[in-house]
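Peer 1: Now for the letters of each chain:
Protein chains: 2
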Amino acid sequence: MTSAVPALTQVRDRVDGALRAFLGQQRDVLLRAGDELLPGVEAMTGLLAGGKRLRPAFCYWGWRGAGGHDCPEIINAAAALEFLHASALVHDDIMDASDTRRGQPSLHRQFEAYHTARGWHGSPGAFGMGMAILLGDLLLAWTDEMFHSSGLPDDALRRGRPVLDLMRTEVFAGQYLDLLGQAAGDGTLDSALRVVEYKTSKYTIERPLHLGAALAGAPWRTGAEAPGAGPRGQAAALAAAYSAYGLPLGTAFQLRDDILGVFGDPAQTGKPAGDDVREGKHTVLLAIARARATGPQAAIIEKYLGDPLLDEAGTTEVRTVIADTGAVAECEAMISRHVAEAVAALAAAPITGEAKDALADLAVAATARND
Amino acid sequence: MTSAVPALTQVRDRVDGALRAFLGQQRDVLLRAGDELLPGVEAMTGLLAGGKRLRPAFCYWGWRGAGGHDCPEIINAAAALEFLHASALVHDDIMDASDTRRGQPSLHRQFEAYHTARGWHGSPGAFGMGMAILLGDLLLAWTDEMFHSSGLPDDALRRGRPVLDLMRTEVFAGQYLDLLGQAAGDGTLDSALRVVEYKTSKYTIERPLHLGAALAGAPWRTGAEAPGAGPRGQAAALAAAYSAYGLPLGTAFQLRDDILGVFGDPAQTGKPAGDDVREGKHTVLLAIARARATGPQAAIIEKYLGDPLLDEAGTTEVRTVIADTGAVAECEAMISRHVAEAVAALAAAPITGEAKDALADLAVAATARND
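Protein chains in written order, with numbering that gives the first Met the number 0: chain A, 0 to 370; chain B, 0 to 370.
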């Protein structure tokens with residue numbers, strides 16, 4: 000991801016500051032219960048120090064596009080989405096048995112090591128998992144606390160809340176479908192794309208934009224109401240425009256992530272090479288590769304998919320096969336097409352020119368090949 | 000627990016209705032993502048059908064005691080606490096590897112069995128755990144959604160929010176200390192009592208009362224401000240009175256739970272006999288028993304504590320030893336003393352007579368020996 004895009008970096012630095020301030024307050028609350036909470040505070044602070052702040056950026060530009068003025072309060076509200084995301088990452092890493100996150104050991108592994116180093120009672124793995132479940136819960140609860148204590152007025156919060164509520168329910172629904180698909184799925188492109196819609200497109204881009212718009216005053220619509228004249232019609236047109244931009248861009252973003260999950264450099268992804276193959280993820284890239292694979296190619300993919308012991312040599316072999324099927328080229332073409340569709344939707348969007356420029360830049364930044 | 004207490008049953012039936020209505024709405028949202036969400040919806044609905052609704056009852060009577068009128072909106076807001084509690088139970092059961100909850104298989108076991116029955120890919124245990132993590136997250140997110148969509152006016156919600164926020168952070172801090180205590184703890188009474196304060200007393204009784212009071216209009220204080228004249232002083236006096244009642248009652252409630260966790264009838268507890276011993280819980284009862292045990296008694300307690308294979312004969316043996324140490328009698332005496340202290344605090348509390356009667360009844364009901 001191109002981190003030099005001002006639409007992203009300007010928001011990111013201020014979001015970082017808002018998160019640090021909030022974490023400082025919570026640190027005091029937790030340490031009142033006992034000094035033993037300090038390692039938990041530090042683990043959460045370390046996790047929150049990373050991340051590209053993509054969801055806050057879309058929330059912020061959703062607000063600006065709807066006519067909202069720049070102010071610290073919208074930064075606070077947008078930053079709250081980082082807690083939801085951090086919670087999802089912590090709990091995802093338990094479910095996927097991932098060792099690494101943002102270039103550091105995942106939270107359950109940190110506490111497993113903490114237990115082992117001290118020679119405590121019981122299973123280090125169970126202790127690490129329990130701690131990570133609890134800290135993920137705390138991060139999830141803080142989403143809400145930071146949102147509501149953002150300083151935005153009550154009427155803005157009242158308009159934003161249903162969007163935040165729906166966003167949370169949808170992302171859990173997407174994760175549920177993903178987990179179910181890995182256990183029972185048919186491995187088809189259609190089922191992979193439905194997971195992407197809920198787990199990524201709505202969660203990462205469409206709903207953050209809708210949240211910003213709702214906070215800025217546009218009553219939010221699910222799309223049931225046809226765009227038309229009057230303030231309600233204008234709001235519906237705005238929400239529809241953000242969906243027309245956000246949903247294809249979300250798909251493109253996930254496809255880039257799929258490619259990085261197999262071919263990415265660990266220094267960039269913060270995850271070991273080939274992690275998606277090792278974890279047996281049912282990604283769109285792998286669905287396309289499996290659909291296009293010849294018999295021998297399919298045998299190699301099946302051999303390594305979900306193998307926890309996948310090594311360097313196996314990673315190289317499966318990468319070659321996936322590329323040979325043409326799946327990567329097809330994904331790159333899909334990314335280009337979806338980004339073009341997203342950017343084209345901005346032309347007619349009823350938003351400020353500044354927001355159009357920023358969202359066009361974010362579309363490229365969120366789906367770029369390299370940092 | 001004596002379920003015939005009107006202060007509890009009147010609230011419970013209305014909370015049940017509010018939860019059913021909310022779950023019906025969420026069912027529609029989830030099924031829009033896919034019919035595959037149905038087993039998740041059903042598992043959450045089954046879990047939410049049980050429970051004594053103790054936290055909503057304290058929230059409701061905290062409101063009534065502060066002068067709030069009976070209305071459906073406070074029932075909705077109070078019912079939201081059941082989602083927080085259900086989430087904690089689902090995640091606790093994963094951490095404790097508990098098979099049973101409210102007389103049914105725990106959620107992770109339900110989904111493990113679901114996976115096994117269908118012969119799906121991967122580990123049934125990992126699938127069950129993943130599903131239970133996600134559903135617990137969803138329940139936690141719904142706490143907030145139900146609270147904010149209760150229909151209470153914005154100014155009431157604004158007053159209540161910091162209490163709900165603090166309540167969530169405190170309960171996770173208590174669970175963290177509990178998990179840490181089980182791994183690294185000294186097993187002393189002091190450390191067990193600190194866990195009780197955060198994990199039970201504040202969470203189950205004090206904060207729900209404070210939440211009700213804050214929603215009813217009493218600006219809420221952490222106790223930093225001295226009670227005195229004027230509206231702020233009155234609010235501080237009310238909060239202090241609820242703490243004086245809630246904290247000792249919470250300890251008594253937990254001690255009853257500790258006794259039931261070793262000696263309880265599975266039909267009453269919804270958990271297998273002797274479950275706390277099997278799971279190696281660092282309860283106050285066990286801390287007292289260990290402190291009072293002779294050498295041979297201590298050897299038997301250590302032998303069975305945390306033994307996942309503890310059977311009927313072992314349960315009987317360890318029960319006898321715990322009773323022989325005098326720990327049960329000491330716990331019963333502590334319960335009586337704490338309940339008396341809680342009820343005595345009501346006499347001078349600046350609350351309505353009706354609320355005093357209800358809270359006195361609830362104190363007995365929450366700590367009674369049998370159903």
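Check before you lean on any hint, since a few could be wrong.
Since the list gives no way to pick one copy over another, a pair counts as held whenever it fits inside one copy or between any two copies.
[Claimed, not checked] Derived SDA-like pairs: lysine to any residue, alpha-carbon spacing no greater than 25 Å straight-line:
no., residue 1, residue 2
1, K51, K355
2, K302, A236
3, K355, A236
4, K51, D189
5, K51, S122
6, K302, P123
7, K302, D12
8, K302, A32
9, K355, A290
In short, the hints are calculated from the structure, not lab data.
Peer 1: Now tell me if each hint is right for this structure.
Peer 2: Hints, one by one, checked against the model:
1. K51 <-> K355: within (20 Å within a copy, 53 Å between copies)
2. K302 <-> A236: neither (49 Å within a copy, 68 Å between copies)
3. K355 <-> A236: Within one copy only: 15 Å inside, 54 Å across.
4. K51 <-> D189: neither (29 Å within a copy, 44 Å between copies)
5. K51 <-> S122: neither (34 Å within a copy, 33 Å between copies)
6. K302 <-> P123: between (31 Å within a copy, 21 Å between copies)
7. K302 <-> D12: The answer is neither: 44 Å in one copy and 55 Å across copies each exceed 25 Å.
8. K302 <-> A32: neither (50 Å within a copy, 32 Å between copies)
9. K355 <-> A290: Answer is neither: 37 Å inside a copy and 69 Å across each miss the 25 Å cutoff.
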